Amino acid sequence: MIVMRLKPIAEIREMVSRHRHVMLVGCNTCAAVSLAGGETEVETLLETLRLASSQFGPLTKFSGAMLQRQCEPEFVEKLDLESCDAVLSLGCGAGVAFLAANEGVPVYPALDTLFIGAAKGMASWQAECSACGKCVLGYTAGICPTTRCAKGIMNGPCGGVKDGRCELGDRDCAWVQIYDRLEAQGRGDQFGDLNVHKDNSINSSCCEWDMGPKAGESR
Amino acid sequence: MSFRDALASGEFVVTSEVGPPKGTDITEMMQAAEALRSRVHALNVTDNQAAVMRMSTIAACIHLKQAGIEPVLQVTGRDRNRIGIQSDLLGAASFGITTVLALTGDHVVVGDHKEAKPVFDLDSVQILEAVAALNSGTDLAGNELHGTPELLVGAVVTPDANPIKPQLAKFDKKVRAGAQYFQTQAVYDAQNFLGFMEHARERGAKVLAGIVVLRSARMARFMNKNIPGIAVPPRLINELENSDNPEQTGVTIAARFIEETRDHCDGVHIMAVGADHLVPLVLDAAGIGEVAQ
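Sequence order for the protein chains is A and B.
First residue of the first sequence? That's 1 in this note's numbering, and the numbers climb one at a time after it.
First residue of the second sequence? That's 1 in this note's numbering, and the numbers climb one at a time after it.
Chain A extracted, bound-state conformation:
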């Protein structure tokens, strides 16, 4: 799923303080599962902003709503903004952008979108994918070097590995893990041949991006 986290309240307040009535919109898919934009988080943020607004003024009114997904027309169509003059989205960047494209009022992000990850434990996610557009997991034993290696390098561990850990100190070395898993699966010989030149052109232009005026037609 896409993993997000709440922005600092001060930053959110700053963004919406000029508005009279702000609609907080949760997103019941990734954002809810990553405990950043579900019903509970919308309720909590509503209370927090009401309290902050009453203390620091000028007074802004806050309402709340939930969408199943902010990134699909059939759900977004159901959003009733009432008299709101702004939206505060508790969705990922795609949700914010899609609401902004489809609603007539300013839309602000309440969350920072972090990565595509898997649930590691209770309220804990591990980054697994960077949506680079050229998946190499088949060669790298299911461990993404673009995501899990701090440098995103493609040929093995750099000189910064210490006792199997990345020198940044926050993770195991992805390339040591790739080497070990390839060995454990009896395909250690693949390590030497592994050398992917990143194709950054995919991230600059691909038809599925639908950046052009005829967006939506390319598929």
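Take the hints with a grain of salt, since some may be wrong.
[Stated by the list, open to error] Distance windows between CB atoms, simulated:
no., chain 1, residue 1, chain 2, residue 2, range
1, A, Ala119, B, Thr27, 50 to 60 Å
2, A, Arg187, B, Gly274, 42 to 52 Å
3, A, Asp193, B, Ile83, 20 to 30 Å
4, A, Gly164, B, Arg218, 22 to 32 Å
5, A, Ser204, B, Val52, 28 to 38 Å
6, A, Arg187, B, Gly195, 23 to 33 Å
7, B, Ser87, A, Ser201, 10 to 20 Å
8, A, Ser201, B, Arg176, 41 to 51 Å
9, A, Ser54, B, Pro21, 38 to 48 Å
10, A, Arg187, B, Val52, 35 to 45 Å
11, A, Gly164, B, Ser216, 21 to 31 Å
12, B, Val109, A, Arg50, 29 to 39 Å
Calculated from the structure, these hints are not laboratory results.
The structure displayed is predicted, hence computed values, not measured ones.
Here a beta-carbon is modelled for each residue, glycine too, at the ideal position from N, C-alpha and C.
Using the hints provided, position chain B relative to the given structure of chain A.
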């Protein structure tokens, strides 16, 4: 004798390194280079070392070249994409700077511009491939060059890496990608290094042993704890601890390492890390005289 000729002729190669200044004043860098001139075949010029922004490596190399000192251009993939790297290599070659060392580069978060974009479009192996392409008359995209450089390219290896197997697998890739010589991370355990040299020799690789002179037991412990790929054996730490003159002992330890390994490798790369004055002392103690000019 040039670095290239020394390496080819089998002469014991000596290199060291200087860091470009943070600013435009090259006085200190040139003084350090002058002090080493007669003792080294070439001087590495670091590329925004430790991700700390400094003067351009190529500019610093040109200053050395103009002073008649052979520079080794360190090239990392941290700050430039494949266009920038190839372009810089051609620019360097146009100034006669043709000895290159390919590195991945330290991550920006360890440096002084932590919010910079870490590029890493090419890693060290792929920089070697870029050099091979340029030397063959094309760029990485296959376009023909007008004027082909003759770059001598090396890479780095960490013989004391833990774990060692992926490190050696990457070393093998660097050999296959055309690395014509290697510099190692600082090494202290001669037996371990000789074991690594057997691996390197089987692949026909030329290797300069990395030397960082220990100045105290504290420094040794600090490096063991904080610098990836460095393993100072406890017996050396004891030796430093029990010494009345740890700096002299550090020089002795470095010289002893060189004596024990010099018949099995191709030279040494001495990293002064803030103690330039110790480089000639180590070479003297190891019985390595001035290089033939």
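Hints, verified against the model:
About 57 Å separates the C-beta atoms of Ala119/A and Thr27/B, a value consistent with the hinted range of 50 to 60 Å. A hinted range of 42 to 52 Å for the beta carbons of Arg187/A and Gly274/B is consistent with their spacing of about 45 Å. Between Asp193/A and Ile83/B the Cβ separation comes to about 26 Å, which falls inside the hinted range of 20 to 30 Å. Take Gly164/A and Arg218/B: their Cβ atoms lie about 26 Å apart, and the range 22 to 32 Å holds.
A beta carbon spacing of about 31 Å between Ser204/A and Val52/B agrees with the range 28 to 38 Å that was offered as a hint. At about 27 Å, the beta-carbon gap between Arg187/A and Gly195/B stays in the expected band of 23 to 33 Å. At roughly 19 Å, the beta-carbon separation of Ser87/B and Ser201/A lies within the given 10 to 20 Å, and the hint holds. With their beta carbons about 26 Å apart, Ser201/A and Arg176/B fall outside the hinted range of 41 to 51 Å.
For Ser54/A and Pro21/B, the hinted distance range of 38 to 48 Å is not satisfied, since their beta carbons lie about 56 Å from each other. Taking 35 to 45 Å as the suggested C-beta distance range, the pair Arg187/A and Val52/B conforms, at roughly 40 Å. Here the CB-CB span from Gly164/A to Ser216/B is close to 29 Å, well matched to the stated 21 to 31 Å. Roughly 38 Å separates the CB atoms of Val109/B and Arg50/A, a value that falls within the hinted 29 to 39 Å.
Hint violations for this structure: numbers 8 and 9, all remaining hints satisfied.
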